Amino acid sequence: MSAMPSNAEPKDSLEDRSVVRISRASFLSLAGKSLLALCGLLGLRGLVEFMSFQPDPAPPTQFDLGDASSYPPGSRTLISEARAVVLHGEAGFTALSLICPHLGCTVALAPEGYACPCHGSRFKPDGSEQNGPAIQPMNTLRIEETSNGQLILHTGS
Amino acid sequence: MRLSTVLAAGILLLALLAAAWLQYRQTTPVALTPTLTGKVEYCLTCHKDLEEISPSHPVESFGCVSCHGGERLALNADLAHSTMRGGANPSDLSVVEASCGGANCHSGNAQDNRDHIQRVLTSVQTTYAGAIAQIRYSFGAQPDLTARYGTESVQAYQKTDPKALPSLLKFDPVQESSPYIIAFAANCLNCHLQSEPLPGTLYNRFTGCAACHTTTAGKDPEQSIHQLTTAISYAQCNTCHNRGNYNLAGMQFEPRTDQPTDRLHDYYQPIAQLTRCEWTLDCADCHTRHEAMGDGNLYSSKADIRYVQCRTCHGTQDELPLTRTIQRSDDLALRMAFLNPVIDLKEGDTILVTDKGEPLWNIRPLPDGTYELFGKANGQRFTFRPVKGSTCQQKPDQQESRYCHECHAIER
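Protein sequence lines, in the order shown, are assigned to chains A and B.
One point on numbering: in numbering that gives the first Met the number 0, the residue at position 44 of the first sequence is 43, and numbering is uninterrupted.
One point on numbering: in numbering that gives the first Met the number 0, the residue at position 152 of the second sequence is 151, and numbering is uninterrupted.
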C-alpha cells in the first residue's frame, strides 16, 4: 500500500472552494430580510404615490379678461371658457352666466337676447326671463376692473 | 430567522404585488361634472361613446345619474349599476317619478303643461281599463262597461270630465271566477305601458315613456338604443296598435302572419276603412298629446279620451276648422314646435286647434283657403282643403269620421 504525497489535496476539496456553504438558518435569515426589504420598497413606493397624488384641478372660477378698453361701450362679449357674457352698459361692466337657470344647459346668444337650445327658454338682453320654462333670470356674475384697467371675471359663488 | 417569518414576509410581498397589479390595471376614470348637479360622476369612463339621448338632455348638463341613478363614483360595472333605476330604462313607470319627475321636468306642474307623468299614469294606455272592463263585462263579472280595475290601483290626477272615474283598483285575476277572464289576464295583458312587449322586432318597445319616445320598432331587441324623440312615427305606435288580433274564443293573442309592403295594407284589421290621410300621415300628426298621454282623468275606455275626428282638421260644410293665433312667446304650440322643429312657427302665426283647445301646432291655414300640415315624424309637407265650399253632401248630424269613410275610404 503506497502512501499519498503530503502536498497533494483531495480533488473534491478543491471543488468545494468555489461553493459558499451556508447554513439553513443563514439562508432563511437572508431570504426573510430580502423579502422584507422588497416589501418595504413596494410599500414605500405606494406611500410616495399616495403622498404625491394630485387630484384633478378644480375648474377655474376667475378669468382675466384683459384690457377693459377691449370691451367698448354697448358691447356684448361672449366669454366661452367661462360660459359667460360681458356687457358694457351705461352703468359700467356687468356679466351674466350662460348656464340656464332652468336645467343647466348653456344658453346661446340671440339677436333679441338669449335662447336656451335645450328647452326653449328665452331671456331679454339684460338677462331677465322672457318666456319659460325658465322662471328665473340668468345669474349675474361678479366682474371687477383693476386699478391698471384689467377686467377680472369671477364665476364662483 | 424562523421559517414562519420568511413565509409571512413572502405572503406580504405577494399581497403587495397583487395590490400593485390591481392598481396598474385600474381604469383611469373619465370625470364629468354636470351643471345640473355639480357632482362629479365617472359613468363616461365606460359610456363615453354612447350617443346623446336628445338635444333636450345634453350630457354636459344632465350627466347620467340624474335620470339613471347608479353609483356615480364607482369604477366597477356591477357596483356602478347596482342602484340604477329601472335597469336600462329609467322611464319605466315604476320609477319614472324619480327619474323624469320634478316640476322643472315632467311632473306636477299642470299650469305649465309639465304634468306628463301624472297624466300618463292615469291614461288608458297605462291602466288598460277599457279592455279589462270590456272582458269582465262580456263574461259576466260586472254589470256594465264602467271600469273598476286597471293594471295598477290608481287615483285620478284630476276630474274635469263628467265621464271620468275617481279611482281604479288593481286588476287581480285571482279574484275572478271566469276562466276566460283568467286566461285574458294570463295571455292578453301585453299591450300597456307597464308590460313587457311580446318577442319580435315589430313588437319591440320599451315600457313607460320610452315605449313611444324611443324609436325601437323593427330593431333588434338586444340592440342598445339611447334615444328620446318627439318625432314619433306610426311604426312605433304599431308596436302595440298593429300587431295582430285577440282571439276571444280561445283568449289568445294571434299575431299577424302577413308581411305587408306598403302603408295602405300595413294595418292588421282587414275590414278597417282608411282614408288617405290615415295611411299617409303618422298617428301623432292628428292625434293630440292628451289623446295619447292622457289628460289626467281616469276613463273607462279609449273612446272617452279619443276625440279628434276628420272634422277637427277639415271642418264641416258650415264651419271651417278651429284656429288660434299665437300671441305669446310662451305658447305651448311654440314649445312643441321648438322640441320638434318640423315647422317654422312664430308669434303671430295662426294654427289649428281642437275643440278642446289643444294646439295642432303642425297645421296652419294658408292664404288661399287651404291648409298645410307638416309631418311630425319626418317634416314632410302636405296640403289639404276644408269641407266648406266643397261638394260634400254629408248630413249635419253625421259628422263623425265613420261617416266620412263611407265616401272617402280607399279599397284595400
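Please note: incorrect hints may appear among the correct ones.
[What the hints assert, rightly or not] Residues from chain B shown here face chain A by an in silico Cβ test under 7 Å; the list is partial:
{"#": "1", "residue": "Val5"}
{"#": "2", "residue": "Ser55"}
{"#": "3", "residue": "Val58"}
{"#": "4", "residue": "Ser60"}
{"#": "5", "residue": "Ile325"}
{"#": "6", "residue": "Gln326"}
{"#": "7", "residue": "Arg334"}
{"#": "8", "residue": "Asp348"}
{"#": "9", "residue": "Val352"}
{"#": "10", "residue": "Ala408"}
[Claimed, not checked] Sample of chain A residues lacking proximity to chain B, with all beta carbon distances greater than 12 Å (derived):
{"#": "11", "residue": "Leu27"}
{"#": "12", "residue": "Gly31"}
{"#": "13", "residue": "Pro54"}
{"#": "14", "residue": "Gly103"}
{"#": "15", "residue": "Glu128"}
{"#": "16", "residue": "Glu143"}
Quick caveat, the hints were computed from the structure, so don't treat them as lab data.
Fair warning: this is a prediction, and the values are worked out from it, not measured in the lab.
By construction, the Cβ of each residue, glycine as well, lies at the ideal position given by its N, Cα and C atoms.
Right, here's what the structure says about each hint:
no.: 1; hint: Val5; result: 4 Å, holds
no.: 2; hint: Ser55; result: 5 Å, holds
no.: 3; hint: Val58; result: 11 Å, violated
no.: 4; hint: Ser60; result: 4 Å, holds
no.: 5; hint: Ile325; result: 12 Å, violated
no.: 6; hint: Gln326; result: 12 Å, violated
no.: 7; hint: Arg334; result: 6 Å, holds
no.: 8; hint: Asp348; result: 15 Å, violated
no.: 9; hint: Val352; result: 20 Å, violated
no.: 10; hint: Ala408; result: 40 Å, violated
no.: 11; hint: Leu27; result: 5 Å, violated
no.: 12; hint: Gly31; result: 4 Å, violated
no.: 13; hint: Pro54; result: 10 Å, violated
no.: 14; hint: Gly103; result: 4 Å, violated
no.: 15; hint: Glu128; result: 10 Å, violated
no.: 16; hint: Glu143; result: 24 Å, holds
Hints 3, 5, 6, 8, 9, 10, 11, 12, 13, 14 and 15 from the list above are not met by this structure, while the remaining hints are.
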